[in-house]
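Engineer: Once you've looked at the hints, dock chain B against the given chain A.
Single-letter residue listing:
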Amino acid sequence: MFYRETGQFKSKYKEELAAFPLAEDKVGIAILLVIAYVFIPIFGIPGLSFEFTMGAIMIPVFIFTITTLGLNILLGFAGQISLGTGAFMGVGAYSCYKIMTIFPDLNIIICVILSGLVTAIVGMIFGLPSLKIKGFYLIVATLAAQFFLEWAFIRVAWLYNYNDSGGIEGTNKEMFGLIVSGPQSDALTRYFIVLTLLVLLTWLASNVIRGRIGRSWMMIRDMDIAAELIGVRPLTAKLSAFAFSSFYIGISGALMVFFWLGAAEVESFDVSHSFTYLFMVIIGGLGSITGSYMGAALVWVIPVLIKEIGKTAFGFDAFVMENFSIIFLGVAIVVILIVEPHGLARLWQITKQKLRLWPFPY
Amino acid sequence: MKKLLIGAVMALGTVFSSVSLSFADELLVPTMSYRVGPYAANGTMIANGFTDYFMMLNERDGGIGGVKVKAEECETGYKAQVGVECYESYRGKNALVHTPNSTGITLQILQKAPEDEVPILTMGYGLSAAAKGETFPWAFNYPASYWSQMTSILSYIDSQTGLKGKKIGFLYLDVGYGREPIPVLEELGPKMGFETLLVPVAGKEMQNQSSHWLTIRKEKPDWVIMWGWGAMNPTAIKEAAKTRFPLDRFIGNWWSGAHVDTEALGSKAKGYLASSFTTTGTDFPAIQDMIKYVVKPGKSKTEMGMPGKVLYNRAMFNAVIIAEAITVAQKMTGKKNVTGADVRLGLENIKLDEARLKELGLEGFTAPVIGSCADHESGGSIFVQQWDGSDWKRITGLIPPMTDVVQPLLTAAAEKYVSDKSGWTTQKCN
Numbered sequence: 002m003f004y005r006e007t008g009q010f011k012s013k014y015k016e017e018l019a020a021f022p023l024a025e026d027k028v029g030i031a032i033l034l035v036i037a038y039v040f041i042p043i044f045g046i047p048g049l050s051f052e053f054t055m056g057a058i059m060i061p062v063f064i065f066t067i068t069t070l071g072l073n074i075l076l077g078f079a080g081q082i083s084l085g086t087g088a089f090m091g092v093g094a095y096s097c098y099k100i101m102t103i104f105p106d107l108n109i110i111i112c113v114i115l116s117g118l119v120t121a122i123v124g125m126i127f128g129l130p131s132l133k134i135k136g137f138y139l140i141v142a143t144l145a146a147q148f149f150l151e152w153a154f155i156r157v158a159w160l161y162n163y164n165d166s167g168g169i170e171g172t173n174k175e176m177f178g179l180i181v182s183g184p185q186s187d188a189l190t191r192y193f194i195v196l197t198l199l200v201l202l203t204w205l206a207s208n209v210i211r212g213r214i215g216r217s218w219m220m221i222r223d224m225d226i227a228a229e230l231i232g233v234r235p236l237t238a239k240l241s242a243f244a245f246s247s248f249y250i251g252i253s254g255a256l257m258v259f260f261w262l263g264a265a266e267v268e269s270f271d272v273s274h275s276f277t278y279l280f281m282v283i284i285g286g287l288g289s290i291t292g293s294y295m296g297a298a299l300v301w302v303i304p305v306l307i308k309e310i311g312k313t314a315f316g317f318d319a320f321v322m323e324n325f326s327i328i329f330l331g332v333a334i335v336v337i338l339i340v341e342p343h344g345l346a347r348l349w350q351i352t353k354q355k356l357r358l359w360p361f362p363y
Numbered sequence: 012m013k014k015l016l017i018g019a020v021m022a023l024g025t026v027f028s029s030v031s032l033s034f035a036d037e038l039l040v041p042t043m044s045y046r047v048g049p050y051a052a053n054g055t056m057i058a059n060g061f062t063d064y065f066m067m068l069n070e071r072d073g074g075i076g077g078v079k080v081k082a083e084e085c086e087t088g089y090k091a092q093v094g095v096e097c098y099e100s101y102r103g104k105n106a107l108v109h110t111p112n113s114t115g116i117t118l119q120i121l122q123k124a125p126e127d128e129v130p131i132l133t134m135g136y137g138l139s140a141a142a143k144g145e146t147f148p149w150a151f152n153y154p155a156s157y158w159s160q161m162t163s164i165l166s167y168i169d170s171q172t173g174l175k176g177k178k179i180g181f182l183y184l185d186v187g188y189g190r191e192p193i194p195v196l197e198e199l200g201p202k203m204g205f206e207t208l209l210v211p212v213a214g215k216e217m218q219n220q221s222s223h224w225l226t227i228r229k230e231k232p233d234w235v236i237m238w239g240w241g242a243m244n245p246t247a248i249k250e251a252a253k254t255r256f257p258l259d260r261f262i263g264n265w266w267s268g269a270h271v272d273t274e275a276l277g278s279k280a281k282g283y284l285a286s287s288f289t290t291t292g293t294d295f296p297a298i299q300d301m302i303k304y305v306v307k308p309g310k311s312k313t314e315m316g317m318p319g320k321v322l323y324n325r326a327m328f329n330a331v332i333i334a335e336a337i338t339v340a341q342k343m344t345g346k347k348n349v350t351g352a353d354v355r356l357g358l359e360n361i362k363l364d365e366a367r368l369k370e371l372g373l374e375g376f377t378a379p380v381i382g383s384c385a386d387h388e389s390g391g392s393i394f395v396q397q398w399d400g401s402d403w404k405r406i407t408g409l410i411p412p413m414t415d416v417v418q419p420l421l422t423a424a425a426e427k428y429v430s431d432k433s434g435w436t437t438q439k440c441n
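For the record, the sequence lines run as chains A and B.
Everything in the first sequence is counted per the numbering used here, starting at 2 for the first residue and increasing by one.
Everything in the second sequence is counted per the numbering used here, starting at 12 for the first residue and increasing by one.
Calculated directly from the structure, the hints in this document are not laboratory data.
There's no promise every hint is true.
One-sided excerpt, in silico: chain B residues whose CB lies under 8 Å from chain A [unchecked claim]: (1) 37; (2) 47; (3) 85; (4) 88; (5) 95; (6) 99; (7) 119; (8) 293.
Using N, Cα and C, we set each Cβ at its ideal position, and we do this for glycine too.
If we strip away everything but chain A, and leave its shape as in the complex, we get:
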């Protein structure tokens, strides 16, 4: 009833190829943007404190959505499996830290984007084995990247400017007279910056994926020999996927440290985080941008909310809730994968199909 394309005729190819060909989708996206840009900054999430909403839910979810988008490009669209996501985020964070300390007056957004480019180069280097190997063997190669980079973050003291603590820390950074990063920055400012970057990166990803490059990735994913036969060069396709994906992951790593945590050490980039990001992609749905949003939100928000509600509303002990949230997340992953192996994105698609017929399923 509410979601029906009947009567929406297209008279130009351009309209047919638009990202959101249906009026309902356009309205939906507009509503979501209004909620993100106006409603949440003013009201927060009802019932939760504003600081908690920003610092523990909204900002991390947006940052992890960028990570998930990046990993989804590699895994879902180009079919190359990577277990080095955590370390690539580390590359973004450490390179942003180095750039910031070498050029203290550089705008922090430029730092973040540059660090994304550095990560893209590193990602391409570690993506080279993908030209020769596939599947499980590639997993091992990316795992090696993970361990090598973790080692480098500890051993190469130059990366953290020889700090005694061995970690990297953000400082106050101004932009247009407003402190945008560092301990004195307002959560709301950081929220808007992260949100805007997320929107821009999503727009970029959706267009690249629907274009020539994205199609070559999908051809490589579906059948690399056939793709090669019809003229897709595996070298450029695979390496561009690695570069593009690492660019996103690097940006999210830099954002994580300088717009959310404030400081980090190697522990924030270890292999268990790589698995978490992989879960986000798989639960959200491989090869789906909407899925990246849903996966990141589900995997991140549910444990946080369970802990907070259990603690404050029911008075459970913190460690009981921690164990409970670990169990709950594990069970949720298994159930979702059994009920819908294609992830939340597929569920959303099915819902949309049902909505077309509802309430008269004829």
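Structural biologist: Leaving out everything else, chain B in the frame of chain A:
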């Protein structure tokens, strides 16, 4: 369908609105505990000792100055990132002081403390340079920093066998915590004429140290100092015994000498040394009160055997410092419901001397802790304890740190820390 939806929304609403309920007239003391994860055995003891003391104060004295204390745990699993989430969740809730219980978490929230005006007390861990009160107004590391501790340990070794011409092995967990004292070794090595052998143990290799002990066997250091945590400690002691390294030449720092580290090994660990700043045992009136009011009636999660053990007693002392700081703050401001900023003043003006310790039922428990605006570390004297096969026994008197060595290092480190931070809050002390 519609009714169901409305019902669901209403149910959700009640849950959320009860979430935001807060209680006035309570002293909120959050602590970041870790009862799950790889370090849970240690974390459980620490969390119990900390919360039991406040529970005892509530039962015995009706809180502090007549106001009940709410010691609230936030589970971190000893992960820095989760610790930051914990910290964020206490913003705007009038937390009085933060107890991160992890050097990694401390480093990440250190910069935020001045903005939120909640002090951070890192008792026996955290950034050594935080001892400089002028540079770090909001951070405290009573009763001693890692650097002070390292010099005390070296003094002890010097008093036993002399340091000149000796080779000292340094076995450490390869994270911020373990690397923290290396500058002291680098500084003192040439001065006191000993050679240092660094043996880092990566977190993943904690329970498999055969290669590290092979190095130690090959290099034959005269002493081995350990900065370990969790499963690393018993593994190291076991390996030391296996490679026949003399255990009375093997000395752990205060986080490497607890009952959880040696109990399972029993007599195999006999002779192993560790530094400490809190005495074990239950022969103190304060601990007796905790058993009487809290543990025996079953009000806490503590089992009967726990009080008196190293980590339990130490965490209790952490709570003692906070309780004392709150008391001082209440006296100084005349308010009952103090704020984080008041407690910061309380921490600076803390005076736990012999007389006050006796009053609190902790005579001879530890070295006096007397703070000031400039000194956020206090004396920093420690002692050495030894595992006799079934319990830890204190074997030395108080060993003061080499202040002349540590202070310049602390000053330099504090300057370095703030050198690239714009808008860092400092204070002037007279």
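Engineer: Take the hints in turn and mark each one as holding or not.
Structural biologist: Taking the hints in turn, this is what the structure says about them:
| no. | hint | in the structure |
| --- | --- | --- |
| 1 | 37 | violated, 14 Å |
| 2 | 47 | holds, 5 Å |
| 3 | 85 | holds, 6 Å |
| 4 | 88 | holds, 7 Å |
| 5 | 95 | holds, 5 Å |
| 6 | 99 | holds, 3 Å |
| 7 | 119 | holds, 4 Å |
| 8 | 293 | violated, 25 Å |
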